[in-house]
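Student: Below are the chains, spelled out letter by letter.
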Amino acid sequence: MLEVQNIKRLLGNAQDPQNPLGFQGVLQADEQQTLSDAARDLSGLLAKLFVPQAWGGQLKSWPMLTQQMRRVFARDPALGLSVTASSLIATVNVWVAGSDQQKSQLAATLLQGKKVACLYHELNHGNDVSQTECHADLQALTLTGSKQVIANLNQAEMLLLFARTDPQQGSRSHTPLLIPIHTLPEHTLKWHDRYFTSGMKGILLGGCDFDGAPIQTEQLVGPVGSGMETALKSFQITRTVLPSMFVGVLDSGLRITMDFASQRQLYGRTVLEQPLTRSVLCLAQLDLLWCDLFTTVTTRALHLKPEQCSLYSAATKALVPHTLVAAMRTLTQILGASFYTRQGSCGMMQKLWRDLKPVGFGHASRLTCLMSILPQLPALARKGWQEVQPDRAWFDVQAPLPEPSFDRFRVTASGKDSLLPLLDLDVAFQNPELQHLSEAFRQQFHALRDACKALPPRDLGGVTAAEPYLLAERYCLLLAASSCIQMTLCNPNHLLNETLLLAMLQRLQDLLQGHPTVLSEQAEQHLWQHMMHAHLHHTPFEALTPHPLSQEVTP
Amino acid sequence: MPTPWCPSPDQSLQALLDDLQDLHLHHDRAESFPQEAFEALQKSGLQAAFVPEALGGALKDFEGLLDVVRQLASSDLTLAIGYGKTFLGAVCTWLAGTEEQQTQLAQSILQGDVVSWGLTEEGHGSDLLSNTLQASLTSSGEAYLLNGSKHLINNATRGHQITVLARTSQEGGPRGFTLLLVDKRQLTGLQHQPLPKILTHGIRGADISGVTFKDAPVPVGQRIADEGAGLEVVLKALQLTRTLCAALSLGAVEHAVRAVETFASQRTLYGQNMLDLPMVQHQLGTIKAQRALLDVVSRYAARSVHTLPAELSLTSSLVKAWVPSVADTLIELCAELMGVRGFLAGPFEKLERDHHLVGIFDGSTTVNRQAVIRQIPVLLRALKRPVPATSLEQVRRTIQAEIPPLDWQRLSLLTSGCTVLQGLSHTLEKLPEQWKDVPEGESLWVLAQQVEMFWAEVQADLQNHVPGPALSSTVDFVRVMHLETCHAAAIVLSHLLHHPPRTHQQVVGWRVALGCLLQRAGRGPAPSPLDCQQVKDPFWWRPKEVQHA
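Protein sequences, first through last, are from chains A and V.
Going by the working numbering, the first sequence opens with residue 1, and the numbers climb by one from there.
Going by the working numbering, the second sequence opens with residue 1001, and the numbers climb by one from there.
Heads up, a few of these hints could be off.
[Unchecked claim] Which residues of chain A face chain V? A partial, calculated answer using Cβ under 7 Å:
id: 1; residue: G336
id: 2; residue: Y340
id: 3; residue: F361
id: 4; residue: E467
Hints were generated in silico from the structure; no laboratory data involved.
Heads up, the beta-carbon is just placed ideally off N, CA and C, and yes, glycines get one too.
Whole structure, please, built from the sequences with the hints as guidance.
Tutor: Okay, here's the thing in structure tokens:
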């Protein structure tokens, strides 16, 4: 079994200049715009983590996979994305809608360490996949059109391609295809030059024009015309899991910044001793923690509430990337000019910064995600946000999870949401300030419910006014608040207590209002203690580490 | 068509820059200096912009210099930073050099010399008092011998001359450093050696390197100002360069918005032109409104070099901390709209990388906020005095009138006050009368009152917590951030006092701009979404243009 400890062992010492997977090796490969051989080997090995157990792999829990991959993203986000682009983004379509034969074919490819490329993207349409032009003619059995900026395309053995199968506009006009590359004659393909990017430079991005390339009906994934539905269901997994994995990048950013600040002398003392440095670090730590808790809830929902994940996945993708990028930006301020150089002990920081960027726009932008939540809000407000009981198994991280299921996802949540109305429950906190704030969030929930009930139908398409979008954004932040409260109640520990919850809710309230956050001294002390411990013992900065990492000293 | 944003760009310069546009990406990828562009600018004589008019150059008003650098930055930041450095290298001589030194340097710059500025050293960055590069007087007393290195210096290798800050007393301290203008051509290869180019995240084509001196003789005649006066001159010079840095942010934001509009206008999303999508309009509207803030505040600061030079130590730090920070967030908002296009190697991702440096160099945001903290006791004393009518008149001139010639001698290490903030209540008194014909003027008036209340709160807070010499706390920094906001808001309100908005479009623009400003400080709700959607360029006027309007 490839456990987290093994991954850490495989990655080796980050500071060892001889280690090709150490920071220096990673930076060298990045300069050459490639992944090292060691990274490519590891990438092949990691693929099995993404294959369901039923098909011979090791995937049994999304939260566990996320934990494992956070360590990879913390070391080299390009390696992390290269693995996930091939083993997750491309494959979920098949696990959700493919035939048994396709699943077994796919599993075999991944377990042999080979790559699968995901061909959704067309530069002209970006996140608007319904406008896909690349066309599969099911009469002539040919494929014609163009796909651009595709990860691993030139190394892939197999393609998952999203094709138009009906010229009509609409949601029944597309179908994905799973195509072994060897079935496509070279003369029907025209490969594009490599696309270069500012971050994730190790990933080979390619493109291809298909000119009457032959296809077979067995290659269609799911019934003809079901592509949009398959995509919308598959994206619920990836939009939840990927932002959660990227939390590892901020973890590394915190560690590098703390290393720097404890070594660098300025004006007669270390940078770490400057109160401002401490505050900036604590705020980044706080953001990491609430993102960790929120994504833990949404990844567990993939197992427990798959029918509602159209909401939670979009909320995760709309909220978490933005937060990670902003937190990372404030950290770079501590490093000053050391952030700006690509050399030296902090050279990794600018790479992390560059590599973090795609978490935001890649695979559905914030706007696209808000747009997918928006039409669901009135129904939720009318019937979905009723009284609910907290489901302890959802929030208690010790509670076992059922096997991942792929057949219970729905395009919309049909007016069901078991997370947000938990804000309406009576909870007794010892801290009066926290009691007051949780009450304020209950009011926020009521206000949102009223506003959503009043939404005119014409505004639900997202093309009439900006205000409804802002409601969707508020909804996401309230989901995060509800998650933080439930996680604290169900997993109390020395870190996850009322002090931390108060700080997290204050932070979320500031984000709701677009206001800056100034932490209380008490909150800072609490966070600082955790950070110093995590830094000293080389353990993750996360809130909950459901694996026995704390004893293990790793770089 | 000229717009108030850019009413009369230097057409010949613009044409030149447009011709050079295609080269920037190539140099960025190759990490090579944009030599062709640099030479074309030199050939066009643009370096005269860095030389005072009295010395035969073209520099007569600081806003003009701001515009030159803005225009360069709007085309390419690496070029602007690489080219503009000569002003930074020369400014100490303009401030404190002898007539002979000034004439000589002016001539050499006009003839094409590149001048660099060596302040920082490895390991202690902005902490100049920890610098170790030493200059010791030879026994004959005719020259200094330089020993040591400068690190992370723009144009250190390419520059013909470099103004070096050197330690001249063992103990160091505020009087322990001296400025020397070193002509590298007069030194042998053993006496000076370039340090390797440093690989950077952005401005990859720029010559960011260093220089090592070993027993390098520099004639005493090349010393700028007295021995021991180095830090004082540097601190005054930084007031000018920090004010000028705003131009880099202005140009970068201009470039970013242009890129977004070009991209979005050609893109169809969800069956509509991207520019017609309400959320896109909303985001673009808040970006444009805040761009107006940056423009008005930066121009005010540049013009105040002429009108209120004794306050520049404060103004420059407030502006250097505030403008690049806001610009960074605006560029990030643009990046979100650009999506994958903003990530593919190209002009947009380059400008985003390049701009990241603006908040770091020439005194980082934190260093500038620290500089403001140090001046708070002086500011508080000034706030207790009634603000003289003559000072208020200077604010009006800064905004509305022809400005007096540059007088380098009137810069001061500590500010004499902050007239625009001191005069805020005076501005508020006059606004109702001035705005009586402004359409929906009352909505702006509400925001003006919120600004006044916020300033009262910040002022009281500062008075109750005068920062001492001890280590600055986080709350000290938060207060400075509030001060930056109040400062910007006071400038905008003074601007609107002297140039009342006339149309609905202008009122909406300023409503969003002031709303965003207060919201960023945590003192107000988000501006109305409908307003944000309706912000259209151009809604504000540049001071110069209003004069002639």
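Student: Hint validation: A/G336 versus chain V, beta carbon distance must be below 7 Å. Holds or violated?
Tutor: At 5 Å from the nearest chain V Cβ, A/G336 passes the 7 Å test, so the hint holds.
Student: Given A/F361 as an interface hint, is the shortest Cβ-Cβ distance to chain V below 7 Å?
Tutor: The hint holds - A/F361 has a Cβ within 7 Å of chain V, the shortest such distance being about 4 Å.
Student: Identify whether the interface hint at A/E467 stands, where standing means a beta carbon of chain V within less than 7 Å of its own.
Tutor: holds (4 Å)
Student: Would the stated hint for A/Y340 survive a check requiring a Cβ distance to chain V of less than 7 Å?
Tutor: holds (5 Å)
The structure is consistent with each of the numbered hints, conforming to all of them.
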